[in-house]
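Novice: Sequence:
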Amino acid sequence: MCFRSVPSVLQWSGSAEQPSPILRPPFRLLSRGLGGLSFGSVVTNLHSVAPLTLNDGPDLPLLALGEILPSWRPEIERPVALAGGYSHGVYSLGDTYVLRLAVPERAERLRHEAATLNDLCARSDLVGITNRLPRVVASFDAGTATDDGCRSRWQGCHGLIINRFPGTNAFRAWLDADEVTRVGWICEAVRILRSVHGFPEGDLSDRFTPVPGGRYTSGWYGTRIEAAGTDWRDCHRSYVSKLRARHAFSPTIRHRPLIEESLAACEARLDAMTSVWGPRPGHGDFHLHNIIVNGTVVTGLIDWEWGGLTEPDADLAHLLRWSLFPAHPADEDLEDRVTATDFAGVPSAVWSAYPEVATIKSLEDRLFVYLAEHDLHQLTEHPDSTQAVIRLEAWLAGAHRTLIPGD
Numbered sequence: 001m002c003f004r005s006v007p008s009v010l011q012w013s014g015s016a017e018q019p020s021p022i023l024r025p026p027f028r029l030l031s032r033g034l035g036g037l038s039f040g041s042v043v044t045n046l047h048s049v050a051p052l053t054l055n056d057g058p059d060l061p062l063l064a065l066g067e068i069l070p071s072w073r074p075e076i077e078r079p080v081a082l083a084g085g086y087s088h089g090v091y092s093l094g095d096t097y098v099l100r101l102a103v104p105e106r107a108e109r110l111r112h113e114a115a116t117l118n119d120l121c122a123r124s125d126l127v128g129i130t131n132r133l134p135r136v137v138a139s140f141d142a143g144t145a146t147d148d149g150c151r152s153r154w155q156g157c158h159g160l161i162i163n164r165f166p167g168t169n170a171f172r173a174w175l176d177a178d179e180v181t182r183v184g185w186i187c188e189a190v191r192i193l194r195s196v197h198g199f200p201e202g203d204l205s206d207r208f209t210p211v212p213g214g215r216y217t218s219g220w221y222g223t224r225i226e227a228a229g230t231d232w233r234d235c236h237r238s239y240v241s242k243l244r245a246r247h248a249f250s251p252t253i254r255h256r257p258l259i260e261e262s263l264a265a266c267e268a269r270l271d272a273m274t275s276v277w278g279p280r281p282g283h284g285d286f287h288l289h290n291i292i293v294n295g296t297v298v299t300g301l302i303d304w305e306w307g308g309l310t311e312p313d314a315d316l317a318h319l320l321r322w323s324l325f326p327a328h329p330a331d332e333d334l335e336d337r338v339t340a341t342d343f344a345g346v347p348s349a350v351w352s353a354y355p356e357v358a359t360i361k362s363l364e365d366r367l368f369v370y371l372a373e374h375d376l377h378q379l380t381e382h383p384d385s386t387q388a389v390i391r392l393e394a395w396l397a398g399a400h401r402t403l404i405p406g407d
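First residue of the sequence shown? That's 1 in the working numbering, and the numbers climb one at a time after it.
Treat the hints with caution; some may be incorrect.
[What the hints assert, rightly or not] Just the calculated beta-carbon pair ranges, DEER-fashion:
| no. | residue 1 | residue 2 | range |
| --- | --- | --- | --- |
| 1 | G128 | G345 | 22 to 30 Å |
| 2 | E267 | E393 | 15 to 23 Å |
| 3 | A265 | Q387 | 12 to 20 Å |
If you're looking for bench data, these hints aren't it; they were derived computationally from the structure.
Glycine included, each C-beta is placed from N, C-alpha and C at the ideal position.
When you get a sec, could you build the whole thing from the sequences and use the hints?
Specialist: Written out as structure tokens, the structure reads:
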């Protein structure tokens, strides 16, 4: 349901109180989920009561949202920043929608997310859980100029509008929940992921929905690779090789002895990286920040920009890592409250909800590779990351063994 667009130039004239949109066609929506716009349509008459200004200073009015979101009331539901950085932004549009933005060099991730979500929502075997997956309302390329000529980091960016789930992320709610509620969240979220992986609901199964011609993917910004075929071991051999090359040629890389030891440890375990289930659709960044809860219920799984074809155990590695190293507590003002025992119940809840993964041969070695790859990548992006160094030292010392079922 996704096709490439020709970026538009959207300008505004008139006063701030009564702006008049001037659209220079063609302006193409990549996908639209509200009805009234046929596939491949070119929008030629967008209307809105106000331009969308996202920062305190002058910024790019991205598009006339009133046409795409007829129920949005900008005079009441002003955009509120939820997360972001220089290259991306996440904004709530009231209680109903979320707007995600990415600068041009990162825009492909949001296009990929839109395509992934559309594919998942079209799967007949996921009918029972599609209400827990974000629905793509619109995927669009933003304009490249404004009437006052101001420059913005968002010029030429890509935008994705999805529905907003009620509640908050599980990490933010975690410390105020009892253990029964916490275990319930993990089990429910993992069962949703298990269904996405293609396993039918119910007991332990060796059946799953096939992905004809699928190819594995692995890695993150700057290191993303697609396997040449359907061999999981080759995928990770290529990924580790790419990480080694990046570390070898980067002038800013530090901690070289630790990095070299970690790379060698990954290479020594590559024989454990066999294809168990075949390429499965996965989330790619499954952890407590991306699980939305409301009371005792998981209302949704968000942030599918790293979705791809994977093995089920790899898709659980991020969440398992959190049980030992919860990420970014300062982002939620929790740095003074989080302790080492707060997430101790996560692994057992994971294995209870996903018994198939608990039986994978050489799971200990496979988990080491996933965890070490992540932190080796972190050090290519952030050479001064103290936390990545601490985690690598922990994996080399065997901390990952505490995450294995039965330990």
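Novice: Given the hint of 12 to 20 Å, check if A265 and Q387 actually sit that far apart at their C-beta atoms.
Specialist: Taking Cβ atoms as reference, A265 and Q387 lie about 19 Å apart, which means the hint holds.
Novice: In this structure, is the beta-carbon distance linking E267 and E393 contained in 15 to 23 Å?
Specialist: Distance hint for E267, E393 holds at roughly 18 Å.
Novice: Does the Cβ-Cβ separation between G128 and G345 fall within 22 to 30 Å?
Specialist: 26 Å Cβ-Cβ, so the 22 to 30 Å window holds.
The structure shown violates none of the earlier numbered hints.
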